[in-house]
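A.B. asks: Below are the chains, spelled out letter by letter.
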Amino acid sequence: LNAYQPAHSYSRCSENNMSLRPQTPGMQETLSKCPSRIVHFIVFEDCVRAVLTYICVCVFLVADIISTVEFNHSGELLATGDKGGRVVIFQQEPESKNSPQCRGEYNVYSTFQSHEPEFDYLKSLEIEEKINKICWLPQKNAAHFLLSTNDKTIKLWKISERDRRPEGYNLKEEDGTLRNPNSVTTLRVPILQPMDLMVEASPRRVFANAHTYHINSISINSDNETYLSADDLRINLWNLEITDRSFNIVDIKPGNMEELTEVITASEFHPYQCSTFVYSSSKGSIRLCDMRAAALCDRHCKLFEEQEDPSQRSFFSEIISSISDVKFSHSGRYMMTRDYLSVKIWDLNMEKHPVETFQVHEYLRSKLCSLYENDCIFDKFECCWNGNDGVVMTGSYNNFFRMFECGSRRDVTLEASRESSKPHMVLKPRKVCAGGKRKKDEITVDSLDFSKKILHTAWHPNDNVIAVATTNNLYIFQDKVN
Amino acid sequence: MHLVVVVAVMCFPCSSCVFVTFRLLPLWLAGHRDRSRPAMFSKGTKRKFSDGEDEMPDDGLAGAKVASSAYSLQRQSLLDMSLIKLQLCHMLVEPNLCRSVLIANTVRQIQEEMTHDGSWQVVSDSLGVEGSPSERLVATEVLCRSPSPSSTLSEQELERDTEPRLYSLVSYDDSSCREEEVVAEVIEDDNEALCSEAASNVCLSGTMSHCWEPGELRVQQNNDDICEDSRLGSGDEDVDVEEEDEDEEEEQEMSQKESKTMGQVFGTFEIKNGSSGSESALEELFSDVDASYYDLDTMLTGMQSTPKIGPYDLLDNLGPSHGPTSIGSTANCRSDLNELDHIMEIIVGS
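Heads up: the protein sequence lines correspond to chains A and D, in order.
So for the first sequence, the working numbering puts the first residue at -11; every next one is plus one.
So for the second sequence, the working numbering puts the first residue at 4; every next one is plus one.
Bound conformation, chain D alone (with noise of 0.2 angstroms):
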């Protein structure tokens, strides 16, 4: 049985559109109470067709094929749960520095894996993406986003988003008027309510049970210039589809910025101290910056209200990326391209 959900994202400035399609496996993940599936990771090995995965779609299929395809899965969709429990600890008012590292441990040893059973080289090389530095350590750059503000994220709103969310079947025949009516609105809202409602999108995990599959990513580019998506309608749109895309938006803005930022994530953590003038002053010169694009941007990558920033978040931010004379510019589009292909290597599994 399988759902499919096709989304169209579609970049506003430039007019480009990518279709992305999700095929959605039954339920194999589920919570703690499920009876069916005992064992599931506890081996690191690949695991026979007789483990029981008679759930699985491709019945048909003979043994080590399914076998090491279910594995694949499996492992996929721990590589996008340790994802998005990396992206929440951001979310989160104080950040746990020993969760975060053993999180981004068990990516990076997920992604290892990946590189030695050669499905990411296959993936890297068919999307023309460079060899290994761009390959190295998804955790790094995932790890890379700097600190969502936590005074905007009420612990309510928080909780309220932890319910379980499941996947929606949702059709966009509209979907390029939605996204220039979203985009606008965008544009005019409130960036406190922006930030909420990203992070009310991306909060998964949680405490109750939720069932999500990462199914099968296929994109269609309709045009060579793809640029960062625009936000997605609010409210009825899939829930995980932002989450994917917001990964995508993250980790392109954030494979700009390389090692530099890694410390951002375990930098929230450190008092910053001394570099204060230098920082003010980086702020009083981009204090009259058009606040409402420059926000459209951090909202767009990740990113979030400027004081959150630190010194080199703004030095970054001087980048032609992140100015408002740069939207629209096609060769904006062009990097971003080459960061979509890289966030493509992150989420196809097999």
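The following block holds chain A by itself, in its conformation from the complex (with noise of 0.2 angstroms):
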């Protein structure tokens, strides 16, 4: 289950008045059971001035492509689903005495086989068992749930702590063996000793069979009990404890399929109205149904489409305006929307057009063509929002991702890259040049590495930390604390 390469393990450094702590024998323990983590602080420079000054925090070096990263409502737990069918969780360390300033950070608290390649025998194709979507549960007790899903079967898990074990059994010896029966003389109680911590992840249910196409999202809602599950054309509602049934609830399939122009990309519930939930399209809408007007929810409540620019219209009009993620703001008052080349934010009462939208890598439009050659047009970003729903951040190419803060024309370009995650090294807010001349520092168009794209990121429900997932490294970033 090692799915982590060792890596070096640097020494904690500090910035200003912290002093160098030298690697104390428990720290050199806690590194050796995360092999590949290299701990240091980078000071960003702080270009935008509210809010987004960014240190590095932690980089876990991954054996398998990230396909997924979901915080927990509480933020303490960091789960990433990978291509290999494994979820990793990671948990934040509560804040330590000595570094008050420093929030904790995040060590490996979990990690488990979640989804296994199958083989379709009737299409005769196999079923990929990488995670599309993690989903978690809001915690109840002790105990930490999530739904993770590949292309075909949802799962839920449950993670649950032991750090005490029964002794003192009448019957057996503590080895195990057992104990004859004459020889026992006296009964006593078993009790509980504490042992070494053990995160146990067991399934607690299977939700299989349901989809005949492509799992792309799931979505817990409000209630609690039910949740969905969307796939290229079909949206389906379960209930947690029933895993044998779902009522389909949207389904966009039609009658011919020579006649299949359209396809579902994304869904989620809104976040308190448990009767609510949108679905965005390959054809850049999306559609708000409520639950409570019909069984079926075929046809929109409200639909959400921006007529096209015609002056910017071409053959990729149609692919790049097809959405990719689709989230609603915290407040349940906003969504926001990430197709090819921007982000828009939605006010939900309004539908003829977004109330912002945000360019992310407009110096790509001039490229479509070659972007749809080696396919990268296809690419499908996700976005998030941060826990005021002041600021949305999502990724680009290059290992860039982006922070746009809403209601303000400020925006941020960063880097997620190991040669500039180093000490002390200042990091400054990337450019890229579009056109023209090239100024100091930034980065043309062309020499951008298109291998190098961040679809993955996260943020932090309540504090400014966000997790952001490169092709083969997640990177959790804080921002800087004065």
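No lab work stands behind these hints, which were simulated from the structure alone.
One or more hints might be untrue.
What the hints assert, rightly or not - Some but not every residue of chain A turned toward chain D, in silico, with C-beta under 7 angstroms:
hint	residue
1	T174
2	Y201
3	D220
4	V251
5	S270
6	F303
7	I307
8	F366
9	D367
Unchecked claim - No farther apart than 25 angstroms at their CA atoms in a straight line, the calculated lysine to any residue pairs in the SDA-like style are these:
hint	chain 1	residue 1	chain 2	residue 2
10	A	K340	A	C289
11	A	K441	D	P98
12	A	K441	D	L91
13	A	K241	D	Q114
None of these values were measured; they are calculated from a predicted model.
A virtual CB, placed ideally from N, CA and C, is assigned to each residue, including glycine.
Both chains come to you apart, so use the hints to assemble them.
C.D. replies: Shown next as structure tokens:
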């Protein structure tokens, strides 16, 4: 289960008035448990003064390509799914007394194999074990629950800690061998003794055989009893307790598959209205549906679609308008959509056009043909809100990711790379030179590496801690604490 | 600067021959690092000559004519690229429905525009093909290909074959002999080797920059009877010619199946529940068919070996063009002539 490669371990450095801490034995042990961990602080130059100065906290080297990243509701746990069907959960250390300014770091908490590769015998096709989505359930007791899904099957996992074990059985020895009942003269009650912390993950439910097409989204409802799963053409509603039945609530499959021109690309429940959900399509439209209106929500209640600019029309217009991700804001009043070139903020009360549009990498508009040729135009970027819905973040190419402040024109481009993540290095925000003369430190569009893409990012729900997944690395950044 | 490729495509059963000439244009569609050609398809409108098409061969001609032909060539190239991407979709282990739909929509969009431009109509008129039903939606035909056996293709093969491929000048002095040899070889060969070869020859669109040119296609027919061409020799023939031919073969095949089979592409994603009874009955019925000829046909028509075929495919394969007795029948060739015309209208640009 050791999915991580060994890497160097650095001693923890400090900034300003924090003293240099030697490597304690405890720390050594921690590092050896997660051998691929690099811990250091880097100062980012403050560009967007309001919020966005980030420090790299941890970099994890992973063996397999990360396919999804999600913080849980408290932000204490961070789950990643990878292409090999594994789920790795990181836990934030509690804030230490020695350096109270720093938030706790994230350590590997649990690793388990969620999905295995399967083979569909009817179609003679492999079913990939790649984890497409992870969705945390709100915590109800000491255990943590999450839903993880691959293309076809959703599983509910229970992650629980065990730090005690019973000792003092009457009928068996400590090592497990059975005692001769005749030799028992006295009886005792087994007592719980502390043991080393063990984190166990066990599958509690398996929701299978409900999707003909590839599942792209799962979303837990605010009622904590139901969740939806969306594939390319259908959305199903499940009860968490019932695995052999699901209700189909959206079906856009045409009677004649010849007429298929649109697929569902993402779907999400409203954060607190348990009857409302949205789904986005490959044609750039978002539909909001109310489950109280009808059993089958084929007819939307609201349709969010922006008329395209006729002057920008090209053969690629439809492809780049295809929405790759949709996320409600925490307040439930707005939603954000990501298409290939932009991020749009929509007010749920206004369907005609978004309230804000951020251009993520507009310099790629002139390269669409090449990007179509090398298939990069089909990349599905995700986006996320920060805790107070003031900032949104999304990924780009060349290991760049961008943050946009809502309501203002401020934005920043940052890079997640090992070269830039060195101790004490002042990291400047990056800039891409779209054309004309290239200024110093700028990067030209042609020198961008399109194989290095950041598709998955996540923001801590309460804090300014972000997780950014490049192809093989998981970066955790936090903002500079002054 | 031109490169001319002449390919002789010969149909072994009918001994008819068609010469296909490709005129290659200099590279103007390159990978993403090509600086010199920005904004190639950024506008759907006709481009002005001053937009920088000086690499085009028709330097001597004046303004709008060049622009429109350049635009048409661009559009044609995009169409070809999209068709190949759709083909490649079928070769993958798990085709991505969203991607397929987006590419198919792009193809439809190009077709519609070509229809409005009149270039589509001109082509179909000149080739004597009937009006709207046949010209409708290449995407439909293209998409109506049954899935190829993923089990015969390893990921390694796919990766190996997505290297960049260039047009090369190929001579076919002894083409007829070679075709015969090849076809004989084909019949004997293991089907799986054929499948993988087909896949390897078709795999094109990939991650790295590659250079390929659609060029102009001119078809000279030796006979009136044109049958499906045989598989070209392995190894040293032009990759893209094969792709074109495979386009032809597959689209000939698919035009017979029309609407029913659009479902195949998107139907690959469906679990065919409940029809297994009829499927197994049909399969038993044809289990003693001479597999080699059958597979040759299915090979040529882009379909792969039996296990992949769903119920509709079996029904369609009952048709005369597929049975082993039909090889060599002229009726088959005549219908193929119409199909070939139909394919021409797809491939021919302006």
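A.B. asks: Could you check the structure against the hints above and give me the numbers of any it violates, in ascending order?
C.D. replies: 1 and 9
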